[in-house]
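I would like the entire structure built from these sequences, with the hints used as guidance.
Top to bottom, those sequences are chains B and L.
With numbering that gives the first Met the number 0 applied, the first sequence has no gaps in its numbers, which climb one by one up to 371 at the end.
With numbering that gives the first Met the number 0 applied, the second sequence has no gaps in its numbers, which climb one by one up to 337 at the end.
To be clear, the hints were calculated from the coordinates, so they are not data collected in a lab.
Backbone N, C-alpha and C define an ideal beta-carbon position, used for all residues, glycine too.
Heads up, a few of these hints could be off.
Among chain L residues calculated to face chain B with C-beta under 8 Å, some are [as the list claims (entries may be wrong)]: (1) 37; (2) 38; (3) 221; (4) 238; (5) 242; (6) 337.
Okay, derived cross-link-like pairs now, BS3-like style, lysine-lysine, Cα gap no bigger than 27 Å in a straight line [stated by the list, open to error]: (7) L:146 <-> L:249; (8) B:204 <-> L:245; (9) L:222 <-> B:197; (10) L:245 <-> B:65; (11) L:249 <-> B:214; (12) B:65 <-> L:249.
Here's the letter readout for the chains.
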Amino acid sequence: MSDDTAGSVTAERGLKGATEALASFDESDAGAIRRLQAFLHQFPTSIPFFVLLLGVVIFSIAAPDKFFAPFNFSLVLQQVTIIAVLGVAQTLIILTAGIDLSVGAIMILCSVVMGRTAVVYGVPVLIAFPLGLLCGLACGVVNGLIVTMLRLPPFIVTLGTWSIFGALNVWYSQSETIRQQDMEAAAPFLQWTGTIFKPYDFFSKTLGLDWTFLKGWVLTYGSLVMLILAFVIWYVLNRTALGRHIYATGDDPDAARLAGINTKRTLIAVYGLAGFICAIAAWVLIGRIGGVSPQAGQTANLDSITAVVIGGTSLFGGRGSIVGTLIGALIVGVFRNGLALSGLELLWQDFAVGVLIIVAVTIDQWIRRISA
Amino acid sequence: MGKWNIMKAAVAGLAFYGAMAGASYAADTVGLITKTETNPFFVKMREGAQAKAKELGVTLIAAAGKFDGDNDGQVAAIENLISAGAKGFAIVPSDSKAIVPTIKKARDAGLKVIVLDTPLDPMDAADATFATDNRKAGMLIGQWAAKTLGDKAADAKIVFLDLATNQPTVDFLRDQGFMQGFGIDVKDPNKYGDEDDKRICDHEISQGDQEKGRTAMENALQKCPDVNVVYTINEPAAAGAWEALKAVGKDDGSVMIVSIDGGCPGVKNVQAGVIGATSQQYPLKMAAMALEAIVSGKIPDIDPKMGFLDTGAQLITAKPAEGVTSISVEEGLKLCWG
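So, in structure tokens, the structure goes:
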């Protein structure tokens, strides 16, 4: 207790620009930790970034020839794309101090709506694809309406809709897989996100640039969609009124309301936008597996929450970033890929991810104390 | 297996009693409990049971766990069937050990219990077990792969896309069956990963999922760039592996994929040349036979050495190999499910 007060006093003095002479001997250690805490409070993304760097270094030593190569990094990027897109949706929700357990179910449902409408029912992809996007938006808005109008906790609401969207998936898909070849014949556009893109070839062909550092990188259009989406949402969060409203609503809904923000409308917009992003994840998923598998993505909802939490976004709302979530998804991808290439069994991959989650939340709790 | 004969006698007695009792009811109720509702294998199983129930004039109550491994959900389903006064039920156990006491309770209450697909542990805790001989299904694709490669089988580079780290029964039976068929010394035949054959390049976990299958194959390719044989636990995993191979230009026939299941998308992938050969199993037949046995009370003869009734597995390939019995893709498409 006494340490705490001493520490916060030091922090306050630090903020006021107090002279060094005022810092006593036994506080200098705590002072360093306080400064770190203050730094992390200001730059919360630095921790996940450091963990990612650490992971890359560890696995470059553990699996030297295989891990540290542009091609392998490209693979990790491809492997985390779906979770990263869902993570962007999840970040929006968690920033409002909510949680969405239904993101995975929305994604699968939308992939089935897009694929099955186009391939099995022969509807032109020009209609089937927007229908899938609309499905995502609708699912999200339903979540948002229930959360705001019935005033139920988002955890309970999305627990329910997870089940509902899952049942709709079984009903509409009849648990039937759509093969890659059938998709290619009927609706190749839906597979577009899986198309391979080699940055080196692209820049040397179009601009005649010989950027050798790009050699060996193999991206997919899905990864590009993910990066563009992340940029757009980053822009919305940081440069628009809606973005500031989202942060304010998550930080303190009462204060936000008193400040004149329509928190209900903000929440419905957030859930709707998140649902729409899940539909984009569905498009990326179709590109990755080539077709539609109603069985896929069973763990996607929890994986997306994992990415957000490891990325330093606070589960209590109001603090966090899209960049953090992208890094969080990459951390999980790097650890899974790195541990697999090092020859470790899957159970140790799960173990490592579990440790990362707990460490991330512990750090978040610790950082929060400075503002309290 | 004297115990088995005693049990058969007991079953016959029960069956007689059941037949007498059954005659006095207008419509009997029978149950079908699967692991999940969504897996196409179980969806087809339910369709087969539904059709059979209609034919036999009985009411079918279908239930399932929430996810693969959901024992509690299956326990509740059995309790419901007992209180509904069902004549018996067929079940695909999610947890082959934990469900045993509840099955005993049902049998004590006079219900006939037929286990499908995944045998109980111990197997004789049910009245009978109808299942695919998964080891044999694995052996078929192993033999086909070895025969098709010919001399090249001696220096094959094999990647295994298995089901899960805890190696459930179906997982090690198929994996080890493939190895035995291919001519690999399996050491412990009930466990994979203990072999020292140099042709085994990598084991990865696919969870039988298309997306995770692709990720598993991508990681395997990093470890074994010169792979030429891929064993997959099921056809979704095979389709995922194909996407990974295609992305690096290895869809040129240099890598052979073999699989097990025989679902319609899988058989079509054999036709398209994605999968070299697959072993087909028959969920519809399993469910239909089980319902017939429960309603009539007649349990078919079961080979005591096997302990279960093999509902059969057939190899489907477009390129038959000498000495390995197989059926054509066209025949396979007629028999496929899902």
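Holds or violated: residue 65 of chain B to residue 249 of chain L, with C-alpha atoms at most 27 Å apart: holds, 19 Å
Measure nothing beyond the straight line between the CA atoms of residue 249 of chain L and residue 214 of chain B; if it is 27 Å or shorter, mark the hint as holding. Holds, at roughly 20 Å.
Given the hinted pair residue 245 of chain L and residue 65 of chain B, is their Cα-Cα distance within 27 Å? holds, 20 Å
Within a Cα-Cα threshold of 27 Å, do residue 222 of chain L and residue 197 of chain B meet the stated pairing? Holds - the C-alpha atoms of residue 197 of chain B and residue 222 of chain L are around 22 Å apart, at most 27 Å.
Hint validation: residue 221 of chain L versus chain B, beta carbon distance must be below 8 Å. Holds or violated? Check passed: Cβ of residue 221 of chain L comes within 5 Å of chain B, closer than 8 Å.
Return the status of the interface hint for residue 38 of chain L: holds when the least beta-carbon distance to chain B is below 8 Å, violated otherwise. For residue 38 of chain L, the interface hint holds, since the closest Cβ of chain B sits about 7 Å away, which is under 8 Å.
For the pair supplied as a hint, residue 204 of chain B and residue 245 of chain L, is the alpha-carbon distance within the 27 Å limit? holds, 24 Å
Given residue 242 of chain L was flagged as interface, is its beta-carbon under 8 Å from a beta-carbon of chain B? For residue 242 of chain L, the interface hint holds, since the closest Cβ of chain B sits about 5 Å away, which is under 8 Å.
Taking the closest Cβ pair, is residue 37 of chain L under 8 Å from chain B? holds, 5 Å
Hey, does the residue 337 of chain L contact hint survive, CB to chain B under 8 Å? holds, 7 Å
Hey, residue 146 of chain L versus residue 249 of chain L, does the alpha-carbon distance stay inside 27 Å? holds, 22 Å
Restraint check, 8 Å cut-off on beta carbons, for residue 238 of chain L near chain B: holds, 7 Å
Going down the numbered hints, you'll see the structure goes against none, and every one checks out.
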